[in-house]
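Note that the protein sequences, when read in sequence, are chains R, X and W. For the first sequence, the numbering used here assigns the number 1 to the initial residue and increments by one for each residue that follows. For the second sequence, the numbering used here assigns the number 1001 to the initial residue and increments by one for each residue that follows. For the third sequence, the numbering used here assigns the number 2001 to the initial residue and increments by one for each residue that follows.
These are computed hints drawn from the structure, not numbers from a lab. Source: prediction; values computed, not measured. Careful, some of the hints might be misleading.
Only pairs whose alpha carbons sit at most 27 Å apart, straight line, appear in this in silico DSS-like list of lysine-lysine [said to hold, decoys possible]:
1. K1364/X x K1353/X
2. K1353/X x K1333/X
3. K1150/X x K1171/X
4. K1209/X x K1171/X
5. K114/R x K1059/X
6. K2204/W x K2064/W
7. K2064/W x K2083/W
8. K1171/X x K301/R
9. K301/R x K2064/W
Partner residues are not named here, just some residues of chain R that face chain W (Cβ under 7 Å, in silico) [to be verified]:
10. T145
11. Y244
12. D271
13. Q275
These stretches of chain X come out as covered by chain R in the derived footprint (C-beta under 8 Å, 3 or more residues) [stated by the list, open to error]:
14. 1056 to 1068
15. 1118 to 1131
For each residue, glycine too, the CB sits at the ideal point set by N, CA and C.
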Amino acid sequence: MSITHTASRPSAHRSEGLKAHSTSSTLRKGIADAAISIPFFAYTACFLLVPTLIVIVGAFTSRTGGFTLNNLAKLGEANTLHSLMTSITVSAASALIGAVVGACASYALVIGAKPNGMLRRVMLAVSSVLAQFGGIMLAFAFIATIGINGVLTLALQQLFSFTVNPNWLSSIGGLITIYSYFQIPLMIVIFLPAVDSMRPQWREAVESLGGTTWHYWSRVAVPILLPRFISAFLLLFANAFSAYATAAALFAQRAILLPLMVQSAMRNEMDPNQQGFAQVLAFTMILVVALVMWLSHAVEKRAGRWQ
Amino acid sequence: MSLAERKAVAAAIDELHDGKAEQSSVTDAARAVLEDSQERGGGICMQHIDKIYPGNATKALDDFNLDVKPGEMVVLLGGSGCGKSTALRSLSGLEDIQAGRIMVGGQDVTSVPANKRNMAMVFQAYSLFPHMTAVQNVEFGLEIRGLSFKERHRIAMEKLELVGLVDQATKFTQQMSGGQQQRVALARALAISPRVLLLDEPLSALDAKVRVQLREEIRRIQVETGTTTVFVTHDQEEALSVADRIGVMNHGRIEQIDAPQTLYQRPSTEYVATFIGVTNRLPAASNGDEALVFGRCVPLIEGSARGDEVTALIRPEALTIDTSGRTSAIGEKAQVQSIHFLGSHIRVDAVLKDEVWTRANGGKPLEVTVQCSSTGAPDGLAVGGDVTIVPLPVPALAV
Amino acid sequence: MAVMQDVKPEQPVQLRAIRIRRQRIVKTLVLGAVAIFLATPLLAMLLFTVRQPLSGVWGIEPWKAIFTGDGSSLGADMSALWKGLGVSLALSAVTVVLMLLLLVPTMVMAHIRNKRLERAIEWVSTLPLTIPAIVLVVGLGPMYRWMSINLLSTNPIWLCFAYVILVLPFAFRALAVGLRSIDVNTLSEAARSLGASWPKVFFKVLIPNLWQSMLSASFISVAVVLGEYTVASLLGRTNLQVALFQLGQSNAQISTAMSLLALVFATVLVVALDVIAEHMRRRQEKGQNDVIG
């Protein structure tokens, strides 16, 4: 509303009549602004704010409906802590692999290539598809590859008589590999613009000032890219931490990750011992993801301080 | 050093180079300047350079030759794609060359990598490191050379003072205006005391007023530091105002390289004559030394064509305009099309009346541009009025 | 100055060319490795669908089953899959319409008239990234239980309300890019000064200039909805992914083939988007050249 206000100020100085008119029109515009944006805010309040509040309130509600901190006690149980740790390990490892490999791939896509070259367009299109390729279908893809009857499993057995451990897919290492499958493309999508913004003149300037390739990387490229790399890494972490469907398809029975625990807690909601447990777990997830996203924003902001 | 002194020194240096040093009375000051600039690397000599970009049939540089004396500022001028930037980048080592030799201060640097050539480049734009402040940018080259923090900071501040930005030293470069950024880039280039300073269209990204201001400053600093400089631009006014010598480039080689005044007044090729300034193309008859233009004898520049149907390239200020209406053997009748008042002078566009000219010009009326000083404009000059155009006996090129 | 010498006949050292060659090798290695990692599972999926893993018999029965709609030869009941696919397609359509209705007018209005409101909308729209679907579902559970009893039915189509929230960050970003790339203020001021009313400005001037980003927001929404499993499965509704998962328990080949098809469909969407973007870019460049020329 600040814009309409300043716009009306000059006319307000001119005459009393105009002043009265502009005030009322400012008000009318303000009301119109609000009217157009009401559906959006009402909708998000209803389907975003309310569910979130239900989670938060539920986390602190006792069986009798009063306020309690007892629900939080379940967080301290060994198997909850264990799945929290597994979630963090898998997310951090897959985010690290995704970030490093994705950053290298982004760099390889940019150097010595035209800004709108074919290879780059194809890679970017494929990456944006695969970055969203989570869930059930991804699990199928890996079961078809190195599941017990997977194509790669059989090929390795026949060609090198190397037997893949049939449980490898449902180990932490397997999970990290599967998650990397959508993390690497996601990193390419996020990080390519950052690499694009690197000016070839910087490298040439370093050279003309007497610097080597090492000087360019250590003094220019890495310092400029690092904040955006870290913020991308954190985004990848949050992405893996909230992923549910892939793991759900692979671990039908065992709740080894936090999202899987949320699911089993929801299933057992009628169990009085599980009162508020799903909400507490969900609340914990919100806290972790929000913290990571906030960090990511903070790093990005710091990167922008010289702009 | 005053400009007059500097010119004297430059003249003395010229003689030194021509090998006449022994006979002439070279001052000690000139010797000192020469030694100083040779210490910095001295002159540049590019011989028979060929450059072909991969996947490109035509040569970007085709037997390109350039000599730059120590402490001299040479401007490479030309339209886009003429190879002027390629020449500069080849000199700096940022491009490979396919044939030829590059010497700096008598030393062959053809196979020396760019970062060992000790030439500093100022780019068109965006070359400053965005994560460093102005002073950190200027210090960069010195840090690579392993100078202590104190020393490099001192030099950096000195260079920032030279470009008038001491008070902006701790600002990030993206918070600065385009003109300030280019000043920092200049300071950064000068900080490493380069043997050669290379300026690749440093002013093209700036707006007109800043451009004029900064080019004067670049010239001042260049004269002050005595750094051998190659400046690439497509702006002829810029070139004319800062250069010791201008090399006009076309098709990957230099068409003519001379002092600005010589280049303007005595162009050696048609391309140079038409590229710099405004030129009238008037039909003439030539015997090689003189040409008959509109019934008037005009002396010709060496290398002019001879024949009864040549074209004389005549500057607008080498024509006069007569409104008296007298009939005379010299001069040609024309009708005024438009009059442009440009402050110190007036530019008049007129069309020749005689059908002969129109036929000779392929059916289109032949247009002539005349320039005279605003105080010397004839009475009765008006659009649509009849005038007589008379050439002045100023040397011209016939082609 | 140096004494003039004849130019040496051999070519000077091509330092740049050597570096570019070295760069190209590294580039090929990195991209090759990434491409192999990304391609292997896809290739494996394809092979898996045409080769019976236990008997080792080659055949295209799973694909036949999908394209004829009859899975009886493989002993699979495809009806649930078709139902799930239908639900997901309907959900995509409804979600896209709802999303556009909610976002476009609000974003355009805020962009023109109120920067603070615009920032608020951005904050709200990107919030779902901070609240994972699995968390949202914990809160949505009781809401949907209540709604299905008191207001609506248990029809899976009502999942669209949750899905609009899930696609919000992606759709917002696509639309914001479009809004930033055209000068909405100048366009609308020009139209207003020519006497157009606000609705006219919106429908006749802004929408035609925004259609590309609206399309891109729609495509990404469709892709998200078609791949959605978490919300549907935990709220006990059947959509494409839930049906796929169930089918996967009995016939892995058909469900793998179907997954591959879904992936191809998503790729087609993205490529179409890229082609449109390229087309728009070309047109813009051409327009600029025309102005200069």
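message: Flag every earlier hint the structure violates by its number, smallest first.
response: 6, 9, 12, 13, 14
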